[in-house]
Amino acid sequence: MEVKVDFDRCEANGVCVGIAPEVFDLNDDDELVVTHPIAPEREEDVRTAIAQCPRAALSEA
160 MEVKVDFDRC
170 EANGVCVGIA
180 PEVFDLNDDD
190 ELVVTHPIAP
200 EREEDVRTAI
210 AQCPRAALSE
220 A
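160 is the number of the first residue of the sequence shown in our numbering; add one for each residue after it.
Worth flagging that the hints you see were computed from the coordinates, not collected in a lab. Hints should not be assumed to be uniformly reliable.
No more than 25 Å apart at the CA atoms, straight line, and that leaves these computed lysine to any residue pairs for SDA-like [unchecked claim]: (1) Lys163 with Ala216; (2) Lys163 with Gln211; (3) Lys163 with Arg214; (4) Lys163 with Pro180; (5) Lys163 with Pro199; (6) Lys163 with Val174; (7) Lys163 with Asp188; (8) Lys163 with Ala215; (9) Lys163 with Glu181; (10) Lys163 with His195; (11) Lys163 with Ser218; (12) Lys163 with Gly177; (13) Lys163 with Ile178; (14) Lys163 with Glu219; (15) Lys163 with Val176; (16) Lys163 with Glu202; (17) Lys163 with Ala198; (18) Lys163 with Asn186.
Predicted model only: the values in this text are computed from it and were never measured.
Work out the full structure, taking the sequences as your base and the hints as a guide.
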């Protein structure tokens, strides 16, 4: 599984980080960082994070 981030839409509000902190993080500049590869046991959490993104900045690639 791969995650695509539309950085033009992402506001780095951290909803995804709260849902899947093993996959998503915010760096010191409040920019979203995605850990790849995504472990199979985290895919359900990642899909939830994609669905819950308030700016629809995440998608499955």
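Going down the list of hints, with the structure as the test:
1. Lys163 with Ala216: Between Lys163 and Ala216 the Cα gap is close to 8 Å, so the pair holds against 25 Å.
2. Lys163 with Gln211: With a Cα-Cα distance of about 15 Å, the restraint between Lys163 and Gln211 holds, given a limit of 25 Å.
3. Lys163 with Arg214: Distance of about 13 Å is within 25 Å: holds.
4. Lys163 with Pro180: Holds, at about 16 Å.
5. Lys163 with Pro199: Judged against 25 Å, a Cα distance of about 17 Å means the pair holds.
6. Lys163 with Val174: Cα-Cα ~16 Å, so holds.
7. Lys163 with Asp188: Holds. Lys163 to Asp188 sits at ~19 Å (cutoff 25 Å).
8. Lys163 with Ala215: Status holds; Cα separation ~11 Å.
9. Lys163 with Glu181: Distance of about 16 Å is within 25 Å: holds.
10. Lys163 with His195: Distance ~11 Å between Lys163 and His195 Cα, so the pair holds.
11. Lys163 with Ser218: 5 Å, holds
12. Lys163 with Gly177: 18 Å, holds
13. Lys163 with Ile178: 17 Å, holds
14. Lys163 with Glu219: 6 Å, holds
15. Lys163 with Val176: 15 Å, holds
16. Lys163 with Glu202: 14 Å, holds
17. Lys163 with Ala198: With Cα atoms ~16 Å apart, Lys163 and Ala198 stay inside 25 Å; holds.
18. Lys163 with Asn186: 17 Å, holds
The earlier numbered hints are all upheld by this structure, with none contradicted.
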